[in-house]
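Chemist: Just so you know, the sequences run in chain order W and X. Heads up, the first sequence is in the working numbering, so the first residue is 16 and it goes up one at a time. Heads up, the second sequence is in the working numbering, so the first residue is 16 and it goes up one at a time.
For the record, the hints were derived by calculation from the structure and aren't laboratory data. Mixed in with the good hints there might be a few duds.
No copy is singled out in the list; a pair is fine if it fits within one copy or between any two copies.
List time: in silico SDA-like cross-link candidates among lysine to any residue, alpha-carbon distance up to 20 angstroms [as the list claims (entries may be wrong)]:
1. K342 with C353
2. K333 with D98
3. K342 with F97
4. K362 with E39
5. K362 with A288
6. K333 with A72
7. K333 with E121
8. K362 with L313
9. K333 with I64
10. K362 with S421
11. K362 with S291
There are 2 protein chains.
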Amino acid sequence: MLWTIHAAAEALRSGRLTPRQLLEACFEQIERHESRVRAWVFVDRELAIQQAEAATAELRQGHWRGPLHGIPLGIKDIFDVFDWPTAAGSPLWSRSIARRDAIVVERLRQAGAVLMGKTVTTQYASFDPSPTRNPWNSARTPGGSSSGSAAALACGMCLGALGSQTGGSITRPASYCGVAGCKPTYGRVSAAGVVPLAFSMDHPGPMAGCVHDLATMLQVIGGPDPRDTTCTTLPMPDLLARLDLPRQPPRLGRLRGLFQDLAQPAVQSMMDAVSSRLAEQRAVMQEVTLPAGFAQVLDCHRKVMAVEAASFHGPRLKRHPEDYQPKIRTLLEEGLACPAPEYTRCKEHQAQLRAAMETCFGDLDALLTPATTGPAPDLSTTGDPAFNSPWSYTGLPTVCLPTARSPDGLPLAIQLVGRPWDEGRLLATAAWCERVLAWTRTEPPTN
Amino acid sequence: MLWTIHAAAEALRSGRLTPRQLLEACFEQIERHESRVRAWVFVDRELAIQQAEAATAELRQGHWRGPLHGIPLGIKDIFDVFDWPTAAGSPLWSRSIARRDAIVVERLRQAGAVLMGKTVTTQYASFDPSPTRNPWNSARTPGGSSSGSAAALACGMCLGALGSQTGGSITRPASYCGVAGCKPTYGRVSAAGVVPLAFSMDHPGPMAGCVHDLATMLQVIGGPDPRDTTCTTLPMPDLLARLDLPRQPPRLGRLRGLFQDLAQPAVQSMMDAVSSRLAEQRAVMQEVTLPAGFAQVLDCHRKVMAVEAASFHGPRLKRHPEDYQPKIRTLLEEGLACPAPEYTRCKEHQAQLRAAMETCFGDLDALLTPATTGPAPDLSTTGDPAFNSPWSYTGLPTVCLPTARSPDGLPLAIQLVGRPWDEGRLLATAAWCERVLAWTRTEPPTN
C-alpha cells in the first residue's frame, strides 16, 4: 500500500496506526525495492525508530503536533541534518558531519516528522547521473538531481521527501518517477544549511505523493528565515485552508512557442488528453504568448548557473579536480571562463523576464505545460530540463503532477506554473486538476 | 627571531621582507619545535605557500591590504575554514570539511592574512587536556582550550592566532605559554561558523605576541555580523588610532576578596612587583570591592556552561558516548540533569552581575588581576580558570599580558579587565602597562 501523508496523518491521529507501524511499512518497501533502485545514501534505522517511538509516545498522550507528526521522510543529501554527514555526492565529503540542521530540516523535526535518512543526489545537485535507477525501469534514469527522493517516494519507502531545484531538479525526477513535486517561489524556502549550486536559482522544495501532501510540507518548511538573506520576509499563507475551499474550475494558460516544439509525441498526446479532460470539466483553456526575452532563457540560465556554481566550487575545483564528475566540471569551467559583464547581462535579463512573466498571467490561475519533454531517458543522462529551467530562472512556483503513462509504461506528468508568492492559488489549482484527472498511483514492479 | 605582526607588517610593506620569506621563517620554527610541542592539528603548507605567493604578488604591485597582509596565522580547530576539516578535537569529526569560512576567518582572509593550518584545541573547547605540551616545559600543560594557538605563538610558528574563551580558554593558555590574548566583549566578535560550547559565553578572540598585535587582529575580526544574532550591531571603534594617541598613566583597580586568596605565592609576588612598577610610573592603583553577587560566579558559570553545552551536545552524547572525553562528559551530564529553573536563576544572576560590574569601574580605566592562579600545572589538567570565568560569564573584555617568569622558569601574566564595548581604552591601557613593564619575549628552548 502506498500511503499519502494526508491519509496516514488521519490514521495516526485517530490511533488506528502508530508512527512505529508506519515506519516499519516504509522499511518493508525499502526491503522490496532498494537493492534495485538505490534511492538512499543511508537509512539511519536506529534513529528513525527512536523518533517514531517518541512520536508514538506523544500521540498516545494526546499531543498531536500537526499533519507531519510521525510521518517518515527522506532528506536529499545536500541538506544538513544534525550529526549526519552531508556528502552531496562527493567522496571527499562522505564524512562531513553536520553540526546543525538546515532550517527546513529543523522545521520538519519540530513538526514531529520522522527523518529516515539521506536520499541520493547527483553530485553537488548538478547533471552527472547518480547511481539511483528509475523504479519503473532500471535501464532508465530517475531524473536528477533529486533522484533518490523521487525514487524512494515512488516505491513508498517514505511518504514525503525534501528536494531542491536549480534547473529541473525537483520537477524532472518527480515526473520521471511518477510522484508530485513543488518548486516554490524563489525565496519562499530558506536555503540555510543547504549545499549551494547557484544561489539565485536554488529552490528547496517538497516532493510527495499528492498535491495535498506538497501543501502540508511546504506549509511547514516555508517562510521567513533571518539566517538566509535571500529568503523572503513575507509571512507564509495558509495553504491548507485554501485547498479546502470549494473551488470553481480554474483558468489555465497553454504556452505558445518554445514549448510545443521540444515535447515528444507521447507527451504531446498526453497534453492533448489532459487538456480535453480539463476542458470537459469546464476549466478555461487559453493560449498564452511568451514574453520576447523567453528565447534566451535556456542560454542565460546555463550561464547564471555556471558562474554562480563556480563562485562556490571554483576554489575547490582547483584543489581537488579529481573530485568533480565530468558534467559539473564542464559547467564550472564555463563559469570560470565567463567574463563578468556577460553574467551581469544575464542577471538583468533574469530580472526583466521575471517581471515580464507577470503580464502573461492576466486573469489566469496557472500556466499548464508538460513537466518534461518525454518519459525518462536512459542512464547516460538525468534528462532534459528545458521545461523546468525557465521557472528556476524566473523564480515562479511550479507543481508537477503525474497524469499518465507512456506507451512503454513510464510515468508522464504535467507542470503547473503559478504567480510569484501565490503558491496557495497554484496548489489549489493543481489539486483541482489532480481530482479531475484522477490518476491512480500504483507501486512499481519489484523485478 | 620572534616576529611581531607590527614589525613584520612594516617590513612587508616596505619590501624588506616578503610574505613567502616570513612564512618560511614560521616553517623553520615549526621544524624546531613542533615535534615536541604538538601545537598543530595540521599545517597546510601547500595552501599557505599559495596564499603567501599571492600576497607577495599583490605587495609587489603596490597593493597593501593592511597590517595583516601576508601575516601567517594559526586557526584554532573549532573555526570553520573553507575546505579544511573542523574536528574540534573529535575523531568523529576528523573529516568534517567546512563548506564555508567562519565570519572571522573570512575577514582575516580578506585582510590578506596567510592561513597556515589548524591549531590544537581541547575536545570541543572544554577541559580535557589536549596532546599539546607547554613550550617551556614539556611536563606542563599549555593550558586550554586554545592550547595549540598559544603554544604555536610562543614558539614563533605563527605571528597571530585565533582563540576562543568560554571559561578561561584564551587567557589561561596565553598566560601559561607567555603570549598575549584578548577576550573581547561578549557579542563583539561573530561566532558564526564556530563550534559552540556555551552560546551565551563563547568569545572568539585574538592571540598574539603583543598588545598592538591583538588590536590589529581584533580590528579585523570584530564588528556586526547578521549571520550571528548574538553579535552586536555597534560599529567597531578604531582601536589602532586609539593606541597611537599619547597617553596618561592609567587608573587601575585591584580587586579585593576572592582573587587574592586563590593566587599562589609566585603570582602574589609577581603582582606586587607589577603593581610597584606601575605605581612608580604614576599609574593610579585603587582597591575595588566586588559586587555582592560575585561569590556565586564560579558555581553559576559552571551551571550555565553545563546547560548550554548540553543543549548542543546532549543529543550527540546519547548517540556517541564513546566520543566524549571524561571532563566534558561530566559537564554535559551535569547540564542534562540541571532543572531549568536553576539555569534561569543563573541567567538572571549573570545579567545582574554584568550590570553590577559597571558600577565597580568608577573612573578606572581597567581592573588589574593575575591572569592565572599560578604557573602552568602538570599535564593532567588545563589549569584553573577561576580568574577568567567571571569575565566570560559577565562578558567584560580582558587582555592577558605576560610579565614575568616563575622561579621554575614558567611564564606568568597579568590580566586587565575593561568596560563592556570599550576595548579601545582597555587595549590602550594594556599597551601602556606593556611598555612600562618592558617584558622581553624570548624563544623557548628546543630540548
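Chemist: Against each hint, give a clear statement of whether it holds in the structure.
Modeler: Each hint tested on the structure:
1. K342 with C353: within (17 angstroms within a copy, 53 angstroms between copies)
2. K333 with D98: Between copies only: 11 angstroms across chains, 29 angstroms inside a chain, cut-off 20 angstroms.
3. K342 with F97: Answer is neither; intra-copy 30 angstroms and inter-copy 23 angstroms both fail.
4. K362 with E39: Neither, since 48 angstroms and 44 angstroms both go past 20 angstroms.
5. K362 with A288: So K362 and A288 fail the 20 angstroms test inside a copy (38 angstroms) and across (66 angstroms) alike.
6. K333 with A72: between (51 angstroms within a copy, 19 angstroms between copies)
7. K333 with E121: between (33 angstroms within a copy, 19 angstroms between copies)
8. K362 with L313: Answer is within; shortest intra-copy Cα gap is 13 angstroms, inter-copy 56 angstroms.
9. K333 with I64: Close across copies (15 angstroms), not inside one copy (42 angstroms); limit 20 angstroms.
10. K362 with S421: Neither, since 37 angstroms and 64 angstroms both go past 20 angstroms.
11. K362 with S291: neither (38 angstroms within a copy, 67 angstroms between copies)
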